[in-house]
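With the hints as constraints, model all of the structure from the sequences given.
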Amino acid sequence: VDRSLVELAQGGDRDAFAGLVRVVGDRMYALAHRILRDPDAAQDAYQDAMITVWRQLPSLRDPDRFEAWAHRILVHRCYRESRRRTRLVTGARVEDIGAAATDTGHRIHDRDELERAFRGLSVEHRAVFVLHHHQGLALTEVADTLGIPAGTARSRLHYATQALRRALGDRDALPVAREGVA
Amino acid sequence: MSDLTVDPRMLDWLADGPTRAPSGSFDAIMAGVAAAPQERAGLRLAGRPIRVTIPQLALAAALVVAVAGVGVVLVRQPLLDAIAGPRAPDDLLYAFPETRTVLEATGGPSESADRTTVGTLPNEAALVIAVDCVGRGEVTVQVVDPSVLGPAEGESGGEEPTPYAELPVRCGAGVATLRYATFDAPGGQALEVRVVADPGTTWRAAVGQVRSVPGKPAFDAVQPGEGELLLSEGLTSPVAGAGWTPGVAFDPAGAASVTLVAQCLGDPITVVRDGAEDDIAGVPVARLSCAEAGEPQAVEIAVDGPGWARATSDGFTWVRLSAVATPADAPTRPQAPPLPGGLGDVLFAEGDRENVAFGSLGGNRQTIVRLDASVVGKAGGGFVAIAHPIDSGATALELWSIADAAPVATLAIIDGAEVFDSWVDATHEQVFYGTVTPLGVGEWRRVALDGSGDTLVGRTPMGLREAIGMLAVDEAQFVAQWCPLIGSCERAIYDTTTGDVRTVTRADDGICNLVGVVGGQLIAQSPGCDAPAGEQRITAEDLDDGSITTLVEGPAGAAVFPGPEGPQVLVFHPGDTQSVVEVVGIDGTGRREVARIDHESGLNPYVSPLRLPAGDWILLAGPLADTPTQHMLTPIPVLLNVVTGEQIALPNLPGGE
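Taken in order, these protein sequences are the chains called P and G. Counted from 1, the first sequence has number 131 at position 131 by our numbering; the numbering is strictly sequential. Counted from 1, the second sequence has number 606 at position 424 by our numbering; the numbering is strictly sequential.
It is worth saying that the hints were derived from the structure and are not from the lab. Certain hints may be false.
To be verified - On the chain P side, residues computed to face chain G include the following (Cβ under 10 Å):
1. G19
2. R27
3. F118
Stated by the list, open to error - Some residues of chain G that are not near chain P, with every Cβ distance over 10 Å (derived):
4. R202
5. V392
6. A438
7. S439
8. T452
9. D456
10. E477
11. L525
12. D597
13. S729
14. P746
15. T771
Predicted model, so just to flag it, every value in this text is computed and none were measured. Just so it is clear, CB atoms sit at the ideal spot from N, CA and C, and this is done for glycine as well.
Here it is in structure tokens:
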């Protein structure tokens, strides 16, 4: 991300911020989608996060860390969006299941199992897995992005990985306590 | 020690998914940004943040108070037009005779940085803010919201209000002006003008209000021409000078041309579109007169990729920009290979909630129709039911002809509930549709193709653990079933020939996915989704007596398809390096292997819900719609022959990007 764009946007330049949205927007949305597994929820989290990024941009100390900082805001918006939608379960359940009837009912192969297992993880575990395996961040970078200890990031990654391996039929992938293995 | 090894299938699965944000997101974000002030962490001069500690800020504030008496600060109340004479040449607003002065102030020189509030801006006004200064350094004029202090997090503790607009002025360079409009101010709050001056500078500022500005117009909706697609429709925004406005974003994939449609009222505007990556100001592409209210004016632009456009005004103008595309004359995708058994003529309709794509399996062109918040159901017989909101706030469920990409009948108008899916039963000329209320009460209903005979099939109570509906592959029944949080699970079975409905109480048999309904059997992945792999199986449940037959043991994916000798179940057994594809009858007989597919070959993992003619072929494909927001990393669609294992790739359809 161009540092000068960040600096201009920090100064209140909305054109520059629009440029930033164009540069990082697709990646941000893709990240939200992979964590939340729901296009509507991902869109809400992404849009909300970008407006928060704009509002809080002046507080960013190092413009070179813009994208990591924006990711942190986005992941926290994903947490919030996930919990918000969980609370609305009675209003969305039928629609969700109606959609699932056509989607998972026709998905084949092990993606079914992976999807089910991943949705069974907490959003915090999903975020670590996605940041590490989709965004390519090292565990220390994941921890830094999420503001959690490296050991916690590692244990969440371990738990998520084990859950997905079990979904693929790996009997050696034994259940573990969610935060228990570092 | 933790085992963090991942299976490559996990990474493939994770990589799958959208790679682009929905087209409407950019506009939504920038509209939010337009209304959202930034939370300031500290003073900012010349675009560089200056970190100031709280003690430093307190000291600076004390100094400002101390030196206030050094300069002369005059804040004048608005003058009445009646007594405002011609402007003198030394008037800061001399070049703006269309304005009347509403605020004036002077200040400096001070011994330290000085911040002065010039006054409160009138609401619903177009304004010119003029400032001039002498001395070494610069002054910055700001429009601020005094009620919003920021940031919530940060070093300064949030003492300073947030500038909505600001203009730095180098002293001695002449009068500088900033146009600003207070229409649509967030929350309708009062905004102030402030001047931040370097030490040793003497300045004067004036605010002029444009005497006569048009009220916010209600522009007519843009109507794309025949065969055109409305890519984006912007907001009606007040544009003052070169000030920032949201504009409109567009993605012209597959378009021969993109036309910006500008509707405007007020002073002339310049339409600007994005330039090179480092040219954030953009490139002017057209000058437009805005004397005639809302008359749509077309500006053709080059189609070289996704972009944006916005407008600047010579003065003050209400502007709405929209983007309309003309599909390319030449298809942008290759032709399909020869397809057997009339498969090329199979029609499909798919939506992405913004657009609906109508096409055929053998075609390399699709008709895209913009239909916001639309829900596209399961097609049958060349028709599909599409639900979308209408002006009254209700939802219209319409029957569309896929070949014509046009509605042919209104099936139902639904108030107080959303349509989440629909199924066209072409054999019996009827449509089934499901609705859900905000309280979570679901209904499945049946209506004839002409909109008559709308009847209830099943209704759930509030509070559900599961609910699902499906039209049988052979269109013999429509089945809906649900389990409430408290109470028994139920199933409603609608006989599509007689119209009889019977509702039965059933055991909570722990279905994870309903694969399909065919031949009076309900094919499912069982038991519940949390079951260990060793307990998973594909089952067939008799709709009449509830007896359950296990078709395949172990974890597997499945789909029901109308095979050459009647309906069959396709089963995929995942392996480490290859998957085994089998076919089994719905009674569990005739199980046979039809293919082994190496993962290295890039197996397409989706069985498309598109219904094909009875035969040997199934379609493995992700989304087929070529809509602007449907950019998926799905493999290229493939037709698979379940007898021979032959595969035919379909490069004429989206996939493989």
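Those earlier numbered hints the structure runs against, lowest number first: 4, 9
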